[in-house]
Amino acid sequence: MRQAGWKRWLMQNTGFAVALLLLAVLYFAYNLIHPRGFSSAVAIQNANETVAIAFVAMAQTLPVLLGGLDLSVGAVMTLTNCIASELLNGSPLQILLGMVVTLLAGAAFGLANGLIVVYGRIQPIIATLATGAVAIGLALLVRPKPGGDVDEDLSWALTNAVFDFAETYGLADSGNAWWLRPFADIPVPLILLAGVACLVWLPFRRSVTGRTVYAIGSAEGAAFMTGLPIARAKITAFTLGGFLAACGGLYLAIQTSSGNADIQQAGAYTLNSIAAVVLGGTSLLGGVGSAIGSIIGAMILRVISFYFRILDIDPLLQPLIEGLILLIAVSFGAIRTLRVKNQLDLFR
Amino acid sequence: MNILLKYSSALAGLALSAQMAVAGPEIVSGPGADPECFAPWSTDTKYLQWEAREGPYRIAVVNGFVGNTWRIQMIKTAKAYAQDSAIKDKIAEFKVVSTGTDAPAQLGAIEDFINQGFDAIITIAVSPDGFDRVIRLADRNDVVLVPFDNVLDTDKVMQVNEDQLAMGKTWAEFLLKELKAQGKTSGKILEVRGLPGNSVDRDRSTGIHEVFDASGGDWEIVQVVGNWDDGTAQKVTADAIAVHGKFDAIAVQGGTTGVVQAMMDAGHPLVPIAGESENGFRKLVAKHAGEGLKGISIGQSPGLVAISMKAAISALEGHPMPQLISVPLPVADYTELEDGKNYWSDLPDNFFTVNEFPPCGVNISGPAIMAESEADVK
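Sequence order for the protein chains is V and U. Every position in the first sequence, counted from 1, becomes a number in the numbering used here once 354 is added. Every position in the second sequence, counted from 1, becomes a number in the numbering used here once 28 is added.
Because the hints were derived from the structure by calculation, they are not lab data. Quick reminder that beta carbons are idealized off the backbone N, C-alpha and C, glycines included. Do not rely on the hints blindly, as some may be mistaken.
Unchecked claim - Distance windows between CB atoms, simulated:
1. U:V253 with V:R362: 29 to 35 Å
2. U:E54 with V:N443: 25 to 31 Å
3. U:G145 with V:L556: 37 to 43 Å
4. U:M398 with V:Y473: 56 to 62 Å
5. U:G145 with V:A484: 44 to 50 Å
6. U:V56 with V:P498: 35 to 41 Å
7. U:R81 with V:I675: 44 to 50 Å
8. V:L678 with U:G145: 27 to 33 Å
9. U:S57 with V:L678: 49 to 55 Å
Turn these sequences into a full structure, and let the hints steer you where they fit.
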């Protein structure tokens with residue numbers, strides 16, 4: 355019975371399982387080749403590079419589960435990045451307040467997206483194309499020139515291992531307490547990512563609203579006929595998406611101790627977030643997948659580019675190779691189509 | 029048991045803190061090594077000195093955006109220079125990566141090369157800020173970080189660039205000289221600007237305006253935005269000519285070939301022009317200078333990467349280096365153009381002509397760069 359449950363999970367989450375396996379293989383091999391593989395320094399560096407795109411990929415997951423696309427996630431990340439670069443300094447209380455304001459700004463922007471989609475009855479992809487431009491415009495207003503003044507200690511503490519965090523703030527015997535030892539080498543950014551996934555995503559997924567999001571993506575008509583709260587679920591999904599994008603923007607500000615209203619970077623993050631969502635086993639048709647998968651997808655995306663730094667590959671060929679590997683990786687997710695018993699299943 | 033754990037953790041902490049002792053360069057007084065090549069930006073520029081270490085060195089170039097001619101030529105120049113007999117024996121390993129316009133990816137790549145134990149990392153920053161963390165890590169690990177072209181707003185690292193303000197001034201001075209030769213002390217000037225919001229665009233434009241304002245003449249300067257791109261510059265120039273009729277001189281930040289093309293297409297009389305170092309622009313000036321297209325060409329050279337590599341090696345050898353290195357402006361006006369020497373009629377129009385810096389011993393010619401194979405990066 356137990357084994358059957360395990361098998362059923364695998365059947366239902368093939369995409370996610372394949373992504374997880376792919377990540378494990380890619381990352382293990384990377385560490386084998388890296389001259390300082392399996393060390394804390396490498397893990398911290400990798401984690402830092404991955405967090406922002408992982409948050410943005412989580413944000414993208416929600417509209418995709420609904421069966422749409424959000425073209426504003428990168429722009430919201432950029433906007434919140436610029437807001438955070440203005441607010442994250444001063445006393446600890448002020449910094450904390452700055453973080454809250456940043457996250458609320460992202461959530462508010464997501465809420466606006468949701469309201470436009472639901473009550474304006476506009477396709478998400480078009481609505482967010484427009485609001486994305488608005489977000490970039492606001493970001494340029496907040497920060498016309500790159501720069502900012504983010505608290506240095508905060509930046510250092512949150513972009514390193516648990517030990518450095520404790521050392522910076524003089525917690526747990528400046529990081530030397532015996533009970534901290536087992537966790538001392540874990541990168542803080544990974545903890546933040548896991549924290550948001552467990553405290554925000556998992557409860558949401560289990561709630562009625564969360565399950566309604568999946569139902570809408572599977573069959574909106576059926577969900578409506580069942581009496582599920584469709585409008586509420588959509589608005590909540592976009593709001594949560596804005597919140598998660600703001601998490602990415604906030605981390606980016608902490609990581610770079612600055613803000614930058616970079617239009618090209620915003621575009622790159624939006625596109626990469628879609629790639630990460632697909633890599634993580636979420637269907638672009640909606641109704642299947644999870645934000646956890648998107649985190650894995652974002653990690654795969656990053657690990658591919660890690661290889662360019664340890665292997666000798668011509669710099670002008672790197673984008674081509676990255677694209678090819680991405681194509682192959684995405685194709686793995688399509689393996690299930692080879693096994694369907696009924697052609698009609700392909701439309702699901 | 030607890031005591032044992034406590035001691036071992038204390039020891040581990042000690043080891044960690046010892047490793048984290050802040051190193052990095054010392055601030056010393058000048059003059060630095062090879063001042064002909066590594067000229068300090070100003071008299072206030074401080075000097076940095078790293079501890080000398082044995083070569084050969086491992087060097088990485090972390091590029092950001094890739095996809096325009098300048099960047100591709102820069103990468104090819106880096107590879108060609110790494111093979112140059114002057115420094116070949118000093119380089120044990122040479123890597124180039126491009127991270128796109130993604131700040132975390134660029135920061136990550138730099139940090140990764142620090143972790144891999146590279147000696148020097150050369151980079152074109154995607155943003156003038158946000159590098160505090162990698163600068164801190166580079167100092168702790170005694171890695172020489174050299175931003176060039178788009179430099180950082182910090183004085184903690186050694187940086188290499190050309191003086192953009194001086195470039196703008198030189199352009200304007202040349203135009204004033206040519207206009208004076210025509211007997212003009214007033215008139216209408218077209219200024220084709222670069223990417224908005226960029227410090228290079230701002231500084232070049234400031235330089236142009238400062239000189240024209242100081243000349244005392246009655247100059248009306250019409251500004252259009254050409255994004256340093258031939259196509260855009262050509263279009264906005266055509267529009268400006270259609271609206272204003274005639275200009276007495278033109279100053280172009282980039283996309284100069286397109287501007288000249290637009291001028292010719294519109295049947296605009298050929299007037300003095302100041303522009304970048306595109307091969308196409310130099311070809312046109314060489315051909316039409318007699319008809320009035322008297323041009324000056326100054327370029328932000330992709331060869332800056334070679335000077336940055338040379339500066340990094342010099343720093344690793346323990347020489348004192350200026351914190352901000354000003355590379356002399358590569359200037360050529362219509363009297364100095366010579367086919368096969370500072371422009372090439374057989375190379376494409378969008379090739380950037382200035383790559384050689386004789387005071388630095390950087391002598392990679394255009395054809396040598398174009399011939400650089402794409403096969404290996406060793």
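> When the hints from earlier in the document are held up against this structure, which numbers fail?
Replying inline: The structure breaks hints 1 and 7; every other hint is satisfied.
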